[in-house]
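There are 2 protein chains.
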Amino acid sequence: MKLSRYFLPTLKETPSDAQIASHRLMLRAGLIRQSAAGIYTWLPLGLRVLKNIETIVREEQGKAGAVELLMPTLQSADLWRESGRYDDYGAEMLRIKDRGDRDLLYGPTNEELITDIFRGSVKSYKDLPLNLYHIQWKFRDEIRPRFGVMRGREFLMKDAYSFDLDREGARRAYNKMFAAYLRTFDRMGLKAIPMAADTGPIGGDMSHEFLILAETGESEVFCHRTLLDLPAPPDGLDYDSDLSAIVDERTALYAATDEMHDQSAFEAQVAEADRISARGIEVGHIFFFGTKYSEAMGATVQGPEGKLIPVEMGSYGIGVSRLAGALIEANHDKDGIIWPASVAPFDVGLVNLKPGDAATSAKCDDLYEQLKTAGIEVLCDDTDERAGAKFSRMDLIGLPHQLIVGPRGLEKNTVELKDRRTGERQELSPEAAINFLTSQKERA
Amino acid sequence: MKLSRYFLPTLKETPSDAQIASHRLMLRAGLIRQSAAGIYTWLPLGLRVLKNIETIVREEQGKAGAVELLMPTLQSADLWRESGRYDDYGAEMLRIKDRGDRDLLYGPTNEELITDIFRGSVKSYKDLPLNLYHIQWKFRDEIRPRFGVMRGREFLMKDAYSFDLDREGARRAYNKMFAAYLRTFDRMGLKAIPMAADTGPIGGDMSHEFLILAETGESEVFCHRTLLDLPAPPDGLDYDSDLSAIVDERTALYAATDEMHDQSAFEAQVAEADRISARGIEVGHIFFFGTKYSEAMGATVQGPEGKLIPVEMGSYGIGVSRLAGALIEANHDKDGIIWPASVAPFDVGLVNLKPGDAATSAKCDDLYEQLKTAGIEVLCDDTDERAGAKFSRMDLIGLPHQLIVGPRGLEKNTVELKDRRTGERQELSPEAAINFLTSQKERA
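Heads up: the protein sequence lines correspond to chains A and B, in order.
Quick note on this note's numbering: the first sequence kicks off at 1 and runs consecutively.
Quick note on this note's numbering: the second sequence kicks off at 1001 and runs consecutively.
Treat each hint with caution, since some may be false.
Selected chain A positions facing chain B (Cβ under 7 Å, derived; list incomplete) [to be verified]:
1) V67
2) S76
3) I96
4) S121
Restraint ranges, calculated between C-beta atoms of paired labels, are given here [unchecked claim]:
5) A1362/B x R81/A: 46 to 54 Å
6) F436/A x E1427/B: 45 to 53 Å
7) R408/A x D1205/B: 45 to 53 Å
Hints are computed from structural coordinates only; laboratory data are not their basis.
For every residue, glycine included, the Cβ atom is placed at its ideal position computed from N, Cα and C.
Same shape as in the complex, but just chain A (with noise of 0.2 Å):
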């Protein structure tokens, strides 16, 4: 993508109203835009950051056996109304009325629509186990949104709901989402720790959340320090094997957030240099409710005795769009942010530091073909700005890479590449550099 063809609309002035450093970035760097309180356009460059989390996810829950579906954004206050959930639900709900004056509501979760599709379509034992998720976006009418995208209205998130015919089934279920979960935030160099959680209007009786750690996070967290060494389960892992070792590893040890915590088990469990206390954001929560939904709402099978009997049910969200602000609080520096390479809206960003000059224009378009060619994401800065705030936009939005070209380097054919996470740059003819941001690309 060309700069000068592209809509980038960073500022130069930090916004007063926004306190924390994803906020202030993501707005500083033109990745979103607000359109009302808690409600957020996202602009290009964010869309980009959104969809890359997105693809992560959705490749992590296909690999893990959930199917993708997608449920819509309004629903029916009848479905709420046979699970009692709708008077429950309290004024974070949106409440809609249509011009037939029947209630509509606007999803803050689809416990009561995946049900419904369920109990229309599946019969018999024999069609399950059976997980199926989306990635739509909800709202929740939050009485103070704050934080950006991290506490927005309309977000965006997964969520995932299986059907199994008995708790060991759904156990099964359960561990899937846990080590399923576990790789997508480490695919996206975050470090999430489970941590056991309460169960909140969704009910149930199991629950965990999914924390990284982080100054500005919302919560306080209490863990083992292990936490943070143990690796995440490895690519080709085999999800029809048992998983629970992966899930008692880490749920042997204590890890809490403040609603949960019992600091006296805290230090009766853990020695005290291996006791952390910090601040965390939650970026995925997993239920096992058993039948909550299925008796109230009718979703039975038959099974192998012929019997009907109701579905053990559990749900499984992570905050997608959420994601990218804590992916920032957990990536930045004074200049800008850094992004993983996963996620990273180009990967690499090409300066030509003087579109005037024909040799370095021309070489900056061959140096682009070459990239694009390699599969490599590009944003070429093209524009005729000076190469001060050039450099300062580059770090602004955080690619990993940089690729400066003026035409001072060229005359002894150079270019200058720039690692934004580590600040090191190097001079090197432009086939090197190609060379080296390919081999960047292969690895990940």
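Following the hints, put chain B in place on chain A, whose structure we already have.
Below, chain B without anything else, positioned relative to chain A:
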């Protein structure tokens, strides 16, 4: 994908309330399921089609220079008060009050919101031309939602918005979208005919609808026969070149929907043998409306002489979810859907005629892996249903090819390959079948 692990709830019976073929077939083939009046869940197979349509739309928008962002579904009513449309829009607009009693609405279109984004970011004519688009769910509170996704309430639309300094620039922007639309629909195997159109609630000076001919179309259309024969612009079209010949060639020929039809002009301009009277389905609509929104909302740029100039705008819509229905109206027979290869949910259906037979299953697994390795999307029917049910289902869901594997064929090292559109079947070796399907995929 193995069918035993997928979610494909097909229906045996034809739903009684579905009046047109696409609605019936989308329900029967397990593509969609109604969640509320005019509001649908896209089941896994339907979602794959929707994503394929989206991808074609996105690619062609990108080639034409439009830049993707993503506006939210809910908008503030205040913006619509600025343009004057909040009161004008009528009962089709879904109006919402949030918990703070502020007026929101579910966007039926986005002229106001994009104009707000533009005026907040773009200040100089040097940043023009600009074309911004998104693919997002919209809501129109139809009084009688019907025909499934063809006239639903919650629907997916691609809407692009162009900004230019003057009318000449705006005309170039209009022509780019005109050409891109011809290419977009052509890639889906659809012959879309541009027709002079009424501008309706969007307003403006010039407008074309793109219609495909189908018996169940909601509009009566009248056009010159030659319009059916003109080829779409080629891949690799230079969008920076003068595209007016592409537009003029088409707009010079008579084409109008009933709303704009003038029978005497039709008869005067078109020889009787060249007159087509048919029914059509609108799949796209483009508008040039000049400064209607930019003046009302103060979207100005500094011109070359330093004066503030309200920008000239157009908007360009494609009914993405509606296209899924339109494609079926144009591609089905008595047995079911016949997907064009470019939008098919899978390229091939692999039918295991005897999953109980170890050799047959091993060969199916082998073919399945080979197809996946070749980049061919395959749905393998590995269920233990009888062969007849499997054949009917494959015909119903309409994948372009069926690869049928059974023990009798394997004894002589053959499988059967069926072309869904022609019905043609051939017996050939498994290797030859893979080669054929690979060559088909490469051609696409």
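For each hint, the structure was consulted:
1. A distance limit of 7 Å between C-beta atoms decides the matter here; for V67/A the minimum to chain B is near 5 Å, and the interface restraint holds.
2. Given hint, S76/A at the interface with chain B, holds; its Cβ is 4 Å from that chain's nearest Cβ, closer than 7 Å.
3. Because the beta carbon of I96/A sits about 5 Å from the nearest beta carbon in chain B, less than 7 Å, this interface hint is met.
4. The beta carbon of S121/A comes within 4 Å of a beta carbon in chain B, closer than 7 Å, and the hint placing it at the interface holds.
5. Between A1362/B and R81/A the C-beta distance comes to about 51 Å, which sits within the given range of 46 to 54 Å.
6. A C-beta distance of roughly 52 Å is found between F436/A and E1427/B, which places it inside the suggested range of 45 to 53 Å.
7. Hint check: R408/A to D1205/B, Cβ distance near 51 Å, so the stated range 45 to 53 Å holds.
Going down the numbered hints, you'll see the structure goes against none, and every one checks out.
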